[in-house]
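Top line first, the protein sequences correspond to chains A and B. Counting from 1, one number per residue, gives the positions in the first sequence under UniProt numbering. Counting from 1, one number per residue, gives the positions in the second sequence under UniProt numbering.
Calculated from the structure, these hints are not laboratory results. Note that the coordinates shown come from a computational prediction; the quantities given were computed from them, not determined experimentally. Using N, Cα and C, we set each Cβ at its ideal position, and we do this for glycine too. Be aware that one or more of the hints could be misleading.
Covered stretches of chain A (in silico footprint by chain B; criterion: 3 or more residues with CB under 8 Å from a CB of chain B, positions within the stretch not fixed) [said to hold, decoys possible]:
#: 1; segment: 33-40
#: 2; segment: 46-56
#: 3; segment: 63-75
#: 4; segment: 81-93
#: 5; segment: 101-110
Have a look at the derived ranges for each label pair, beta carbon to beta carbon [to be verified]:
#: 6; chain 1: B; residue 1: Asn-292; chain 2: A; residue 2: Arg-121; range: 42 to 52 Å
#: 7; chain 1: B; residue 1: Arg-254; chain 2: A; residue 2: Lys-9; range: 44 to 54 Å
#: 8; chain 1: A; residue 1: Asp-56; chain 2: B; residue 2: Asp-101; range: 40 to 50 Å
#: 9; chain 1: B; residue 1: Gln-201; chain 2: A; residue 2: Leu-25; range: 22 to 32 Å
#: 10; chain 1: A; residue 1: Gly-117; chain 2: B; residue 2: Tyr-139; range: 38 to 48 Å
#: 11; chain 1: A; residue 1: Arg-30; chain 2: B; residue 2: Asp-20; range: 50 to 60 Å
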Amino acid sequence: MNEREILEKLREQFGVEILNLRLKLMGKNRIYAYRECGPDIEERHSGVYFGKIERDGIRLSIEGCYLLNDELRKNVVELSRDEMIRWLRGEDIERDVQGYVVLKWKTYWLGCGRGNGKIIRNFVPKDRRLRGD
Amino acid sequence: MDELKDTNPDFFRKYEDIDDTEEFLHYMMLPLRQSFRVNTLKVGIDDVVERLSEEFELERVPWAKEGYFVYGEEVTNTPEFALGLIFMQEASSMIPAAVLDVQPGMLVLDMAASPGSKTTQMSAYMENRGCIVANDVKYPRINILISNIQKFGSVNVRVTMKDGRYFGRFRDTFDRVLLDAPCSNVGMIRKNYKYLRLWRQRDVEALSRLQKELIMAAYRALKPGGVLVYSTCTLDPEENEEVVDYLLSNTDARLEKIDLPLKSHEPITEFRGKIYTDEVKKCLRIHPQDNNTEGFFVAKVVKDE
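Looking at chain A on its own, in the form it has when it is part of the complex:
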């Protein structure tokens, strides 16, 4: 999938119209966002992990959601405060939605989940979860 095709997918899934970033596809179908810059120099790394191409769509990372921000217009699920805490603890959330959605509490983007009509499956990485009860 090239950059144009990724943007097309983002438009279809989340209503994204404009992308002021470059995207590159790396190993394991992982997409990185970056801006071209700087002198000719051997680099170790550039770009922010933006999301992953899955069989059934693009799963955005938490940072991918923030980079898109106001461009996220479709498949956005607003959570209550209690649900936001549960989500960040790694729990699934009950909602009648299908496919990939982005979750939001007030102005906070909470990452991406996948609905099956009953629950939204949690993809918050373990090292980003809240600890405790």
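Based on the hints, put chain B in the right spot on chain A.
Same frame as chain A, but now just chain B:
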């Protein structure tokens, strides 16, 4: 206190010549206050402050509008931390990026960047535009740097792994250069007593030699009209005033006075038989008792057009 003095008598003997006040010793041993920066690439300052104020007492860091001291337990177990909306950073370490005056679109070199707190701070000031070359020499430190850049969401950063002296070949290239130099970490003794145990005068002298080479390379890489900030988290004059004096003696570099709302100590112009130019008085020498932070040293260098 006596027990601590026994840990490293050479350190305490030397520091009698740097700051012999009881206040200095008292604050050197006090635990550090926790502080964070709001990630303005992701969220508005007010949103985060309003939410965190429900659980914590917050106090603004006077020299960084997005910096806050935080009082209370477990700020690293909050939604704001998990989502990368706040970044834990010692308050005095927010000074160098604030002094550097970066702007969106600039080309910036962060010569010794890991763990990336100042890199991400500059990325936020640059609104994720322009370019920061964030360099570090050590592989394990590179991984921490990459991880923090990721969590912050900085897309305008390229990470390199070079000896900082390598950048001298990029003559007159960067609009801004930050050299937060490897140092003897005396300022961090408040965070961890291991830095007191590890301190050795011969390491200070070796670091001073390295810092002089690094600052020369940093100055060479700076564009005419550009700004270089040199900083350390130590208080040994050999690693601070002496390094800046060396740059001023060997180049046409000029110092600018730093104007920030904080207290500081008069920089040292004479130490153990060495005399440094009075120009170094324009630097910031921050002792722990000045603002109840880590000890820190910052110099703002300008290369004329």
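Here is how each hint holds up against the structure:
no. : hint                                : verdict
1   : 33-40                               : holds (count 6)
2   : 46-56                               : holds (count 4)
3   : 63-75                               : holds (count 3)
4   : 81-93                               : holds (count 3)
5   : 101-110                             : holds (count 6)
6   : Asn-292/B <-> Arg-121/A: 42 to 52 Å : 46 Å, holds
7   : Arg-254/B <-> Lys-9/A: 44 to 54 Å   : 53 Å, holds
8   : Asp-56/A <-> Asp-101/B: 40 to 50 Å  : 47 Å, holds
9   : Gln-201/B <-> Leu-25/A: 22 to 32 Å  : 53 Å, violated
10  : Gly-117/A <-> Tyr-139/B: 38 to 48 Å : 47 Å, holds
11  : Arg-30/A <-> Asp-20/B: 50 to 60 Å   : 56 Å, holds
In summary, the structure is inconsistent with hint 9 from the numbered list given earlier, while agreeing with all the others.
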